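First to last, the protein sequences are chains A and X. Going by numbering that gives the first Met the number 0, the first sequence opens with residue 0, and the numbers climb by one from there. Going by numbering that gives the first Met the number 0, the second sequence opens with residue 0, and the numbers climb by one from there.
Take the hints with a grain of salt, since some may be wrong.
[Said to hold, decoys possible] In silico DSBU-like pairs for lysine-lysine, Cα to Cα no more than 30 Å straight-line:
1. A:K113 / X:K56
2. X:K116 / A:K123
3. X:K114 / A:K188
4. X:K128 / A:K113
5. A:K123 / A:K80
6. X:K8 / A:K91
7. A:K80 / X:K18
8. A:K289 / A:K388
9. X:K116 / A:K94
10. X:K114 / A:K300
11. A:K188 / X:K56
12. X:K114 / A:K123
13. A:K80 / X:K116
14. X:K116 / A:K91
15. A:K94 / X:K128
These are calculated hints, taken from the structure and not from any lab test. Nothing here was measured: the structure is a model prediction, and the numbers come from that model.
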Amino acid sequence: MTEASLEELEKRLAIFEEVAREINVTLDLRDILHGILRAMDTTFGFRHSMIFLLDDDGETLRVAASRGFGDSEAGVGAEVKVGQGVVGIVAKRRKLMRMGGIAMQRAYVAAVQKQSGGGFEEIKVPGLPNVQSQVAIPLVNQDRLVGVFAIESEQPSVFDARDEAIITTLSHQAASAIEKARLHAELKKHSENLEETVRARTADLRRAQAQLVQSEKMAALGLLVAGIAHEINTPMGAIASTLDTVFRAVDKLRAKATPEDTRIFTILDGSQKVLTDATTRVSAIVRRLKSFARLDEAELKETDLHSDLEDTLALVAHELGTIRVVKDFSPLPRVLCQGGRLNQVFLNLIVNARQAIGTKPDGEIRIATRAEGDRVKVAITDNGSGIAKEHLARVFDPGFTTKGVGVGTGLGLSICYQIVQDHAGTITIESEVGRGTTVTVDVPVRRA
Amino acid sequence: MARLPEEIKPAMQGVAPSKLATCSRDGVPNVATISQVYWVDHEHVALSFQFFNKTIKNVRENPRAQAFLLDPTTWTPWLLDIRYERSETEGEVFDAMDMQLEAIASMTGMAGVFKLKAADIYFVEGVQKLEVDPGA
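Sequences and hints are given; from them, build the entire structure.
This is how it looks when you write it as structure tokens:
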């Protein structure tokens, strides 16, 4: 080996090292591709170069980076099919190709075809319009075709075996760097997907957990209410029966009474009415409590939603105080549902409505029911504070609340949403700040 | 025996068409334009056999031929005395020629029409570098 060729080899090695350094400092695909093309231009004088990457379909090569065709994005995205043109054939055969007289060769083929009376079609491929010389090499990494690297010139016969050697060496580095960048990008994408999945699963989990906690609370409340109802019912039975005995005895005494006793009996009659009304009312409340706290909530039953709404209103009657409740009820078919769970929805919505009204005078809660085809709608409207537009989209998210600390947990509407969804229904909300809110529950009469 | 010099290579890249003179068994000459004479090694060149024409018929009958090449970078003409040796339908030379032809044909919608039947290998018996005629 002569001293000159040793020097040439040394220079080339140094350049390769420099290129390798440039493309190995980044994992960004675009930076790598431009790094390769820049190195080809500045160190070897290849003015026009392109890197094509193979699409996932395995049939299309697309320009991913180019240099020397105008701006840095010139031609990017242009495609050529595998098997078409120099680049396509190089991809198809996975072999380097060097040509020095492309324009003449094309003209020759066209002339021969014309002479023999046949037609031909000029197929446009990405690159220089009057390309004469081209070297194209497949970019292969671990036996997988990644793309094609091509250098071009409008001058004929400008590339030689030395140029072939240069781009052959660089192609190995390029293929490996491109594949590395691709894998990195893929990994990043997977990682982002994973994060998104974790976020979604966490929200599901929180919702499920909240629902579980709420279900447990409702079950405990149900037991408590049922227990209290039972405890009240027993002495109430004794009171009612004793009252009956007492007033029968009073009736017997009435027969023997003197005219002076008339005033006493008038008072006793009044007391009897008060006591009878009171015991009847207590019995009705106990019945509603038992109805509200149905412990068979997991079972699907044909349910009268109006009766459920009445039960719920009875339970919160004290809480509602002076707020006017308007029952705009239309005839409804019986709905196959888990009555106890829908009660939970109505209770939440009515309590929310009440809290939105706060101390506002003329507070009103309107409960409207409608049957529409095979669905029923229950809309609960209040004329309270309303919800800001920016909060509306989030009101069903678990943990989201606009109520103050200690007032709301942010779970109520999230649980309502879940329960209504479990009934194959929808829950929607409309609100305007200062005017009030309407929450509409829409459930099918029969689940498919 | 002649040896092909390296400096002839630019004339073998298909930039300028070449001429090939052949002669039939009974002495009738034929001159045809060919798109490219391919370098094989210092003693051999290859010509593409795509269609069965007069040139192909002649060299099968009479293997001696003469090729005229032009270096597009210097306009230097070259004359090669060549002798048809064999036809190859596989191997490195065939593949390289076939690949180039397929690439060009695919750009003119002629893929499948312009197909390489064989790479005809010729032995180089004489090489002559002609002077560029400034008056021509």
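Quick rundown of the hints versus the structure:
Pair hint K113 (chain A) plus K56 (chain X) holds up; C-alpha atoms about 23 Å apart against a cutoff of 30 Å. In summary, the hint linking K116 (chain X) to K123 (chain A) is supported, as the alpha carbons are separated by about 27 Å, within the 30 Å threshold. Restraint check for K114 (chain X) and K188 (chain A): not satisfied, since their Cα atoms lie roughly 45 Å apart, outside the 30 Å limit. Between K128 (chain X) and K113 (chain A) the alpha-carbon distance is near 33 Å, which puts this suggested pair outside the 30 Å criterion.
Restraint check for K123 (chain A) and K80 (chain A): the C-alpha separation of about 11 Å stays at or below 30 Å, so the hint holds. Simply put, K8 (chain X) and K91 (chain A) have alpha-carbon atoms about 27 Å apart, close enough for the 30 Å limit, and the pair holds. Among the hinted pairs, K80 (chain A) with K18 (chain X) is inconsistent with the structure: their alpha-carbon atoms are about 34 Å apart, more than 30 Å. Annotation: proposed proximity of K289 (chain A) to K388 (chain A) is violated, straight-line Cα distance about 39 Å (limit 30 Å).
Taking the CA atoms of K116 (chain X) and K94 (chain A), the gap is near 20 Å; set against the 30 Å cutoff, the hint holds. The hinted pair formed by K114 (chain X) and K300 (chain A) fails the criterion: a straight-line CA distance of about 79 Å is larger than 30 Å. With a C-alpha separation of about 62 Å, the suggested pairing of K188 (chain A) with K56 (chain X) is violated against the 30 Å cut-off. Restraint check: the Cα-Cα separation between K114 (chain X) and K123 (chain A) comes to about 21 Å, which is no more than 30 Å; the hinted pair holds.
With a C-alpha separation of about 24 Å, the suggested pairing of K80 (chain A) with K116 (chain X) holds against the 30 Å cut-off. This hinted pair checks out: K116 (chain X) and K91 (chain A) have alpha carbons roughly 19 Å apart, not beyond 30 Å. Taken as a hint, the K94 (chain A) and K128 (chain X) pair is broken in the structure, with Cα atoms around 33 Å apart against an allowance of 30 Å.
In summary, the numbered hints that this structure violates are 3, 4, 7, 8, 10, 11 and 15.
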